[in-house]
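> Sequences and hints are given; from them, build the entire structure.
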Amino acid sequence: MDPLLTLKEIIFHRNDFTLQIERLELRQGEIYLVHGPNGSGKSTLLHLLALLLTPSGGEICYNGVPVQGAQERQRLRRQITLVEQSPFLFNASVYQNLAFGLRLRDVRGDLQRRRITQALQAVGLEDFENRRAKELSGGETRRVALARAMVLRPQLLLLDEPTAGLDSESLPVFERCLSTLPDQGTTVVIASHDADQQRRLGGTSLYLDRGQLVPATAAPLSQWKENA
Amino acid sequence: MDFLIASLHAAVAMILALDPEVVHAVWASLFTSGISIMLAAVLGIPAGACLGLNRFTGRRAALTLLNTLMALPTVVVGLVVYGFLSRQGPLGAWGLLFTPAAMIIGQTVLATPIVANYTVAAVAGADPRIMSTALTLGAGRLLGTWQLLLEVRFGVMAAIVAGFGRVIAEVGVAMMLGGNIRNYTRTMTTAIALETSKGEFAFGLALGIVLLTVALVINLFLNLLQQK
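Residue numbers (the working numbering), protein chains in the order written: chain Y, 1 to 228; chain B, 1 to 228.
Just so you know, the hints here were simulated from the structure itself, not pulled from any lab data.
Among chain B residues calculated to face chain Y with C-beta under 7 Å, some are:
id, residue
1, 133
2, 136
3, 137
4, 138
5, 140
6, 151
Which residues of chain B face chain Y? A partial, calculated answer using Cβ under 10 Å:
id, residue
7, 127
8, 128
9, 134
10, 153
Bear in mind the structure is a predicted one, so any value in this text is a computation, not a measurement.
For glycine and all other residues, C-beta sits at the position ideal for the given N, C-alpha and C.
Written out as C-alpha cells, the structure reads:
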C-alpha cells in the first residue's frame with residue numbers, strides 16, 4: 001500500500017533558508033511529531049505538506065500519485081487541513097466557522113449540524129455554537145480551530161505547535177482528541193517543542209535541524225529539550 | 001444678515017413643504033449617485049482586491065495611477081466622457097449625452113478609483129492568516145478572496161461610502177454630461193449653482209441644507225464603520 005504522502009528530494013528556498021528533504025513518507029492513520037529548534041523549518045515543512053507552498057525542486061506524491069498543477073493541489077487540499085500555531089477564526093459565530101469547510105464539501109442541513117455538534121463535543125465546547133469567535137480565549141480559539149479541522153475529517157491533519165501556551169484545562173482535552181484520530185484513519189503531523197508529547201501521544205518522531213531531517217538517533221531527547 | 005435669515009426661513013419652508021423642484025433635484029442626485037456607486041463597487045472592489053493581494057510587475061505603477069485618478073478634477077472627467085458621448089465622439093450614436101445615463105457613466109469613472117483605493121488599503125491591512133486559513137479549509141483563491149473581503153467588510157463599506165460622498169457632492173460631471181435640464185438631469189449641486197446665479201438664493205440654500213444633511217449622514221456612517 002502506498003504511503004498517504006511522500007516527499008522525494010524536496011528543496012524549498014525562502015530568503016537565506018533552505019529546506020531539503022531527501023525522502024519522507026507519511027502512512028495513513030499514524031501520528032508524526034516533528035521536533036527541532038526555532039527556525040529549523042518545522043512550519044515550512046507543514047506548509048509544504050499542506051500543499052500551500054510549492055517546492056522549487058523534488059516531488060510530492062499523494063497516495064503514490066505525483067501532485068501536479070494548481071487545480072490538483074486545490075482538490076487535494078480538501079483532504080488535508082492545517083491548524084496554524086496561532087489559528088485564525090473568521091469574524092463570525094463558532095458554528096459558522098465550523099460550517100465553512102463543510103459547505104465547500106457540500107455537507108449541509110442536518111448532517112452538517114450533527115457533525116459540528118460532534119466536533120465541538122470532542123473538544124469540550126458543546127455549548128459554544130453561537131458564541132462569537134472573536135470573544136473566545138486563546139485556549140478556546142485553539143480548540144475551536146481543532147474542531148474546525150476535525151469536522152472536515154481530513155486524511156491528513158497538520159498541527160503547528162498546537163499545545164504551546166495551552167492552559168492546564170485545554171491540554172488534556174486537546175491531546176485526548178488527537179489520540180483518537182489515527183483510529184479514524186487520519187494521519188496526524190504535529191510540529192512541537194514539547195519533547196514529552198511523544199510519550200503521551202505515541203507515534204514517530206522526526207527531527208529537523210537547519211532545514212534537514214536528521215535521524216532520530218542523532219538527535220537525542222536531551223537535545224530536543226535543550227533546543228525547545 | 002436679515003437677508004440670510006429670511007433666506008434660511010424660506011429654504012426650511014421649501015424643504016418642509018416638499019417643494020417639487022427640490023424633491024426632484026434630491027431624487028436625481030440620489031438616483032444617479034446610487035447607481036454609479038453600485039457600478040463603481042462592482043468594478044472597484046475586485047480591482048482593489050486584486051491589487052491589494054497580488055504582487056506583480058507594474059503593481060506600483062498601477063497604485064500610483066489609482067492615486068492620481070483619485071484626485072481627478074470632476075470637470076476633467078466630464079470633459080473626457082463628453083468627448084466620448086458627444087455627437088462626433090465614438091459613442092455619440094448611443095445618444096446618451098445630457099441624460100442621467102451619461103451622468104452615471106461620468107460619476108462611475110469618478111468613484112471607481114476611490115472605491116478601488118480604499119479596498120486596496122482594507123485588503124493590504126487584513127490579517128495575512130485569513131487567506132491561508134480559507135485555503136487550508138478547502139477554498140480556492142477566488143473564494144479565499146471573497147472570505148477576505150467579508151472579513152474586512154467594514155473597510156469595504158467605508159470605500160463605498162467614501163465614493164458615494166464624492167459623487168453626490170460633485171458638480172462638474174453632472175453639469176457637463178447631464179446639462180442641468182430641469183426635472184430631468186438637474187441634481188442638487190447643479191441646481192444650487194444655477195439658482196444662486198439667478199438670484200434664487202433661498203432655493204439654493206434649501207438644496208444646500210439637504211446636501212449638507214446627506215454629507216453629515218455619510219460621515220457619521222463612515223465614522224461608525226471606522227470604529228468597528
